[in-house]
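Chains A and B are the protein sequences, given in the same order.
Residue numbering for the first sequence follows UniProt numbering, beginning at 1 and increasing consecutively.
Residue numbering for the second sequence follows UniProt numbering, beginning at 1 and increasing consecutively.
Hints were generated in silico from the structure; no laboratory data involved.
Ideal Cβ positions, reconstructed from N, Cα and C, are used throughout, including at glycine.
Treat the hints with care, as some may be off.
Said to hold, decoys possible - Label-pair restraints from in silico Cβ distances: (1) THR100/A to LYS111/B: 16 to 24 Å; (2) HIS101/B to PHE189/A: 35 to 43 Å; (3) TYR105/A to THR146/B: 34 to 42 Å.
To be verified - Calculated pairs, DSS-like style, for lysine-lysine (alpha carbon to alpha carbon, straight line, at most 30 Å): (4) LYS138/A to LYS40/A; (5) LYS81/B to LYS95/A; (6) LYS103/A to LYS103/B; (7) LYS81/A to LYS103/A; (8) LYS103/B to LYS95/A; (9) LYS179/B to LYS2/B; (10) LYS21/A to LYS2/B; (11) LYS138/A to LYS179/B; (12) LYS21/A to LYS179/B; (13) LYS138/B to LYS81/A; (14) LYS40/B to LYS81/B; (15) LYS111/B to LYS21/A; (16) LYS21/B to LYS111/A; (17) LYS103/A to LYS111/B; (18) LYS179/A to LYS21/A; (19) LYS40/B to LYS179/B; (20) LYS81/B to LYS111/A; (21) LYS21/A to LYS21/B; (22) LYS95/A to LYS21/B; (23) LYS81/B to LYS81/A; (24) LYS21/A to LYS40/A; (25) LYS21/B to LYS138/A; (26) LYS40/A to LYS40/B; (27) LYS103/A to LYS95/B; (28) LYS95/B to LYS95/A.
What follows is the residue order along each chain.
2 protein chains.
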Amino acid sequence: MKLMEDRIRQDGRIREGGVLKVDSFLNHQMDVELFNEIGKEFLRLFGDCAVTKILTIEASGIGIACVSAQFFHVPVIFAKKNKTRNIAGDVYTSKVESFTHGKVYDIIVSKEFLHPEDRVLLIDDFLANGSALQGLIKLVEDAGATLVGAGICIEKAFQPGGDLIRSMGVRVESLARIKSMSVEDGVTFC
Amino acid sequence: MKLMEDRIRQDGRIREGGVLKVDSFLNHQMDVELFNEIGKEFLRLFGDCAVTKILTIEASGIGIACVSAQFFHVPVIFAKKNKTRNIAGDVYTSKVESFTHGKVYDIIVSKEFLHPEDRVLLIDDFLANGSALQGLIKLVEDAGATLVGAGICIEKAFQPGGDLIRSMGVRVESLARIKSMSVEDGVTFC
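Bound conformation, chain A alone (with noise of 0.2 Å):
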């Protein structure tokens, strides 16, 4: 998606260690009008999928599902990353580990909103080592739902998710996918 790339280039900085900000209008402050047209995009690819449910990840994935969900007449779930020591029965969990913030984290979802007969779109603003979307596809598997595929705002693909989520058989579709990056270089879309 051009505009994406157009924007990372416009606004995105990067920092050391692989870092790419772009929370100028993507994940602390959101650009809405881009939500949209992220959002048509996504429902040219998944359209004809049948999807009944949005399924992402607090926080930052919510505003891009919310406004996605709109074009699909869906509801929205979102996992959440789980505070509590005790997970009742009454809902699907499974593990992320975060390489961001070094940990590894209960994410987790009522049983009451995910059905066997629901056909799932996972949305996230990344996908780096694909651990947050390997959890959510776990939810959906748990639940006996039917996963359509996973719409990601930028993937690095040159982080090992993409290949790994894809070779699972999973259809992934990600808006921009950077190659490479470099504080010196700046950003290269493959």
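Dock chain B against chain A, hints included.
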């Protein structure tokens, strides 16, 4: 807002200890069509206030804020619950007490995204003790920006937050104000 009250009556579930569960449509599974109506109502209430930014707090405020922001044509910023001990000098910060989780945490907003010329509308799903809203108000004040008011989906009017915030001179508009609720008698609105 009748639509909100009706939805709470229909799908809200009351638990012991003053807990109102609205996770089937507001803060876990999210009914984006409802969010659209919420956004229109916030526009009706605050549309003449020359809002330049909408500020919310992660996680459950984000979806409502983003869908609402489409009507205002302004960006959303979400205050992040701080996960790291080191707070850099480039953020505004304040403290929020979570009664649900029984702890105090820091919230942060990057100084890049809140400026003295901004006119800020706060949006959140719940107002009960008012701690989250007070935290957000402090961020706006620290930035020297103008606080236009707060748009709240559900106010527990039997808890002190609403009175407290209004007594500070802040305009608070709640789409549903709960006067009382109990497992036996259900919900009564103001």
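### Pair hint outcome, LYS21/A versus LYS21/B [Cα-Cα no greater than 30 Å]
violated (35 Å)
#### Entry: Satisfaction of hint between LYS179/B and LYS21/A, Cα-Cα up to 30 Å
At roughly 44 Å apart (the allowed maximum being 30 Å), LYS179/B and LYS21/A break the hint.
### Task
Mind checking the alpha carbons of LYS40/B and LYS179/B for me, to see if they're no more than 30 Å apart?
holds (24 Å)
### Query
Are the Cα atoms of LYS21/A and LYS40/A separated by 30 Å or less?
holds (24 Å)
### Query
Within 30 Å, alpha carbon to alpha carbon, are LYS179/B and LYS2/B?
holds (15 Å)
### Message
Does LYS40/A sit within 30 Å of LYS138/A, going by the straight-line distance between their CA atoms?
### Response
holds (27 Å)
### Task
Verify the proposed pairing of LYS138/A with LYS179/B, using a straight-line Cα cut of 30 Å.
Since the Cα atoms of LYS138/A and LYS179/B sit roughly 41 Å apart, the hinted pair is violated (cutoff 30 Å).
### Query
Between LYS95/B and LYS95/A, does the CA-CA distance stay at or below 30 Å?
holds (29 Å)
#### Entry: Pair hint outcome, LYS103/A versus LYS103/B [Cα-Cα no greater than 30 Å]
It holds: about 20 Å lies between the C-alpha atoms, which stays within 30 Å.
### Query
Is LYS81/B within 30 Å of LYS95/A, Cα to Cα?
Distance ~20 Å between LYS81/B and LYS95/A Cα, so the pair holds.
### Message
Holds or violated: LYS111/B and LYS21/A, Cα atoms, limit 30 Å.
### Response
Holds - the C-alpha atoms of LYS21/A and LYS111/B are around 15 Å apart, at most 30 Å.
### Message
Holds or violated: LYS21/B and LYS111/A, Cα atoms, limit 30 Å.
### Response
Holds, at about 15 Å.
Of the hints listed earlier, those the structure fails to meet are numbers 10, 11, 12 and 21, in rising order.
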